[in-house]
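Trainee: If you want the building blocks of each chain, they are given just below.
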Amino acid sequence: MEKTKYAPPVTGSYILKNIRLETGFIMDETGAKETRTELFCIEVSEGKITKIFTNNASLPGAIDAKGYLMLPAFSDMHVHLDKTLYSLPWQAHSPKKRSILDMIAYEQEIIPELLKTSTERAGLLIDLMQGYGTTFARTHFNVDTTSGLRSLENLQKALDNKKGSFSAELVAFPQHGCFYTDSAPLLKEAAQLDSVAFIGGVDPFGIDRNIEKVLDFTVELALDNNKGIDIHLHDGGKEGLCTIEYLAEQALKNPSLQGRTYVSHAFVLASLPSNELERIAEKLAAAKVGIVSSIPFGKLVMPVPALAKHGVNVLAGSDNIQDHWSTFGTGNMLQKANLIADLYGWRTEFDLSRTLRFATHNVLPLDNEGNMQWPKVNDSAEFVLVDASCSAEAISRISPTMAFAHQARLHWKEAERDAALGKFE
Amino acid sequence: MNRSILSRKEFIRNSAWALAGATLIPGMLFADEREEHAGLNSLNVNNTGKSFTLKNVRLETGFDYEDGDVVATKTGIFSVEIANGKIKKVSTGQPHADAIDVKGMLMLPSFRDMHIHLDKTFYGDKWQAVRRRTGGVKGMIALEQEILPEMLKNSTYKAEKLIELLQSKGTSFARSHVNIEPTSKLDSLRHLQKALDNKKKGFGAELVAFPQHGVFYTNTAPYLKEAAQAGVDFIGGVDPFTVDGAIEKTMDFTIQLALDHHKGIDIHLHETGESGLKTVEYLISKVNENPVLKGKTYLSHCFVLGKLDQAKQEEMAEKLGAAQIGINSTIPFGGLIMPIPMLMKHQVKVMTGNDSIVDHWNTFGTGSVLYKANMAAQLYGHNTEFGLSRMLGLATAGPLPLDDKGQQQWPKAGDAADFVLVDASCSAEAVSRLSPVKSLIYQGTVVF
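Those protein sequence lines, which keep their order, are chains A and B. Taking our numbering, the leading residue of the first sequence gets 1, the next gets one more, and so forth. Taking our numbering, the leading residue of the second sequence gets 426, the next gets one more, and so forth.
No wet-lab data here; the hints were simulated from the structure. These numbers come from a predicted model, not from an experiment. A virtual CB, placed ideally from N, CA and C, is assigned to each residue, including glycine. Don't take every hint at face value.
As the list claims (entries may be wrong) - Result set (DSSO-like, lysine-lysine): computed pairs, CA atoms no more than 30 Å apart in a straight line:
(1) A:Lys162 <-> A:Lys299
(2) B:Lys513 <-> A:Lys33
(3) B:Lys586 <-> A:Lys33
(4) A:Lys97 <-> B:Lys499
(5) B:Lys551 <-> B:Lys563
(6) B:Lys721 <-> B:Lys737
(7) B:Lys770 <-> A:Lys97
(8) A:Lys51 <-> A:Lys299
(9) A:Lys376 <-> B:Lys551
(10) A:Lys66 <-> B:Lys563
(11) A:Lys96 <-> B:Lys770
(12) A:Lys299 <-> B:Lys703
(13) B:Lys551 <-> A:Lys96
(14) B:Lys499 <-> A:Lys299
(15) A:Lys96 <-> B:Lys830
(16) B:Lys586 <-> A:Lys413
(17) B:Lys830 <-> B:Lys513
(18) B:Lys830 <-> A:Lys97
(19) A:Lys48 <-> A:Lys157
(20) B:Lys732 <-> A:Lys309
(21) B:Lys732 <-> A:Lys299
(22) A:Lys33 <-> B:Lys563
(23) A:Lys288 <-> A:Lys376
(24) A:Lys116 <-> B:Lys499
(25) B:Lys744 <-> B:Lys732
(26) B:Lys744 <-> A:Lys299
(27) B:Lys703 <-> A:Lys5
(28) B:Lys610 <-> A:Lys5
Said to hold, decoys possible - Derived DEER-like restraints, expressed as beta-carbon distance ranges:
(29) A:Ile52 <-> B:Lys619: 42 to 48 Å
(30) B:His521 <-> A:Asn56: 42 to 48 Å
(31) A:Glu278 <-> B:Val717: 33 to 39 Å
(32) A:Ile52 <-> B:Lys563: 43 to 49 Å
(33) B:Gln570 <-> A:Met103: 54 to 60 Å
(34) B:Gln834 <-> A:Thr11: 30 to 36 Å
(35) B:Val717 <-> A:Asn362: 58 to 64 Å
Can you make the complete structure from the sequences, with help from the hints?
Mentor: The following block contains the structure:
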């Protein structure tokens, strides 16, 4: 993995010229044959896109985007920024077979050491992700009897250090169970913090051996503190299914949970017969419960197309980026979208362009009919500039990120900065 | 070039290994301490075809075990002398004063892409996605008949760009299929040969004469005969039953052509049903009848193996192993998973390649076979130090620094000087983290 540094950001008001935007599909009898793009000027002011106008390549004082394609900001919707081995010397996955309970014991052993440098390592992991254009993450952070709330505190320091270039929503994650270890009181404490957006969880059956007790506690905590829910579910079989259904029913009963309740992984959905899957998908869609997936691609393949067809909000994330659970993650959301497209056979211009939504938290420049829907005047200035001719190419070729704007602060890769800014300053 | 930094790094790494597997190493932020190695070109290496010495080269020397399991890879720092395209000497002694410092980079065998179509690509040209098409493989043949004349116009240029992409990912050798059919005739071959000639100092290839439009479905047989005498190394093929309508006729022609011209065989086989299995079985029987074909006959893709039950898979793997027929796989995932670990268990030579980089068949190729090794490690759960280190063999098409017992077997004096320098501490890390390739040396020539 190459590290790529950004130059100090351009802030305040500015105009970008030679910015490539998608403006429609060029159709033939087989569908969208190509994506039409045109160059524009874009004015950014007070955190927003304030003007989009016909390109003027000789506009004085404008920053030259050199024809790079502007795409909505990249978001990684499931990651553990607090718990990574990234930047530490290489250490492979242990050859010992470990159950989930063994892993909890292992974490209890290593967490005190990990916490000593977790702020710095989270910072380096964010650097890695930013190199690939990611500026937003939903990150789980461990809440357990070994970490207390220190994993959160360290993560917050790392996020503070990245203020203005990276943001996150935080999930309080009882990795060692709510009751298997006595994490419930800590979780209650975390739930009261403004910085925490979601109550997390993991395998209510597999760890705490009591689905209803754990979910009732989680739901109550979310309702009492006006938070969302995002629980890890690896449990398969009837227990896994029961967990999903119970959570969906809670969301149906409590409309304030709708649209902000998620099941991460939800592997059990990969093993359901199609009529059963359809029933569950409809229920999830009705309850507005989303699924977050790291997109496994081996023996277990998630039914992402079927879920999406029934209106379930499916989000994607890296999950592990080089940690003691897996040493593989790259932190690159375009690569994740590429994997999704390859896995599900989404290869045409149209299908590839739709796959971009997994990198951008559902924001797409063109709607399904090819009408321009992003960016619009008054949209917040959150975007990336990639070296690609259209989003289909960006997904298929995993095109490099040249710059990004987060909270309107425009960060160019060091190697790109001078050519872009030219006489700007 | 700074010994004190190197030794500090050494100290850190060594203490890491001492603790690896037991618990975590506190208080170290390693990545930022690593001194950047910007590639040999930046160090003004001007030794093409001559001799030079690299110092501070990291080589794998063995495995560390714990309770019988490999938990880490031992490495040491060496000097490596290169002369006349070969590795002349590997030593721990004091290097020459003018030795080039590679700052602890890991040296691995250079990568080889063993299934690719260098002759037929959009790479270097305007982006175009795959189109929704009907008519299966015959529809694709009709499409190619339409678009190849245009694609051939700048195919030398595009092949060169593609070779540069592969080099940038650490690949210095490819087995490239090259279209032979009545539309291209031998032009696709000649254009590619020109590109390879232009790139020969930094890239090697072996060529497969590939009747993409069938041997008999279009009248390709005469062109194949001509190609067999025009500098190719293998006779290719594609789905004899689906395209030509008869397994034996096509296979007999292919095998005879290979025998007559002392070539190998590498046949694309996508068929998954009975015809796929029959094709494999027929090829096995023919190779057993003609032992001269052993070790130089390959099936590319061979999806049918992924569709068989386990007992039949074992049986076919054994037979392929015994006939020394290799399998070339792009390592598909999702719908069909190839039994690659089982093939390897039965000593079948398994190799990988990108196949398409960006063309009218597929637009997903990265150009990296290290990425293929990484995907295979994930797909087959080879995620331990040992499992990851073995997967490197997919990227190198065979050579590994350590054998399965941890004995150092590469590099040795007399080996071809084909290697990469990678920013990683061991091959397991390189496979898992897709570590960047900082330098590529091909037959003693510094590519970068």
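Trainee: Each hint: holds or not?
Mentor: Results for each hint:
no. : hint                              : verdict
1   : A:Lys162 <-> A:Lys299             : 38 Å, violated
2   : B:Lys513 <-> A:Lys33              : 55 Å, violated
3   : B:Lys586 <-> A:Lys33              : 25 Å, holds
4   : A:Lys97 <-> B:Lys499              : 23 Å, holds
5   : B:Lys551 <-> B:Lys563             : 26 Å, holds
6   : B:Lys721 <-> B:Lys737             : 24 Å, holds
7   : B:Lys770 <-> A:Lys97              : 22 Å, holds
8   : A:Lys51 <-> A:Lys299              : 49 Å, violated
9   : A:Lys376 <-> B:Lys551             : 28 Å, holds
10  : A:Lys66 <-> B:Lys563              : 42 Å, violated
11  : A:Lys96 <-> B:Lys770              : 22 Å, holds
12  : A:Lys299 <-> B:Lys703             : 27 Å, holds
13  : B:Lys551 <-> A:Lys96              : 49 Å, violated
14  : B:Lys499 <-> A:Lys299             : 33 Å, violated
15  : A:Lys96 <-> B:Lys830              : 19 Å, holds
16  : B:Lys586 <-> A:Lys413             : 25 Å, holds
17  : B:Lys830 <-> B:Lys513             : 25 Å, holds
18  : B:Lys830 <-> A:Lys97              : 21 Å, holds
19  : A:Lys48 <-> A:Lys157              : 27 Å, holds
20  : B:Lys732 <-> A:Lys309             : 28 Å, holds
21  : B:Lys732 <-> A:Lys299             : 14 Å, holds
22  : A:Lys33 <-> B:Lys563              : 21 Å, holds
23  : A:Lys288 <-> A:Lys376             : 27 Å, holds
24  : A:Lys116 <-> B:Lys499             : 27 Å, holds
25  : B:Lys744 <-> B:Lys732             : 17 Å, holds
26  : B:Lys744 <-> A:Lys299             : 26 Å, holds
27  : B:Lys703 <-> A:Lys5               : 55 Å, violated
28  : B:Lys610 <-> A:Lys5               : 49 Å, violated
29  : A:Ile52 <-> B:Lys619: 42 to 48 Å  : 47 Å, holds
30  : B:His521 <-> A:Asn56: 42 to 48 Å  : 59 Å, violated
31  : A:Glu278 <-> B:Val717: 33 to 39 Å : 57 Å, violated
32  : A:Ile52 <-> B:Lys563: 43 to 49 Å  : 47 Å, holds
33  : B:Gln570 <-> A:Met103: 54 to 60 Å : 57 Å, holds
34  : B:Gln834 <-> A:Thr11: 30 to 36 Å  : 56 Å, violated
35  : B:Val717 <-> A:Asn362: 58 to 64 Å : 59 Å, holds
The structure does not agree with the numbered hints 1, 2, 8, 10, 13, 14, 27, 28, 30, 31, 34 stated previously, though it agrees with the rest.
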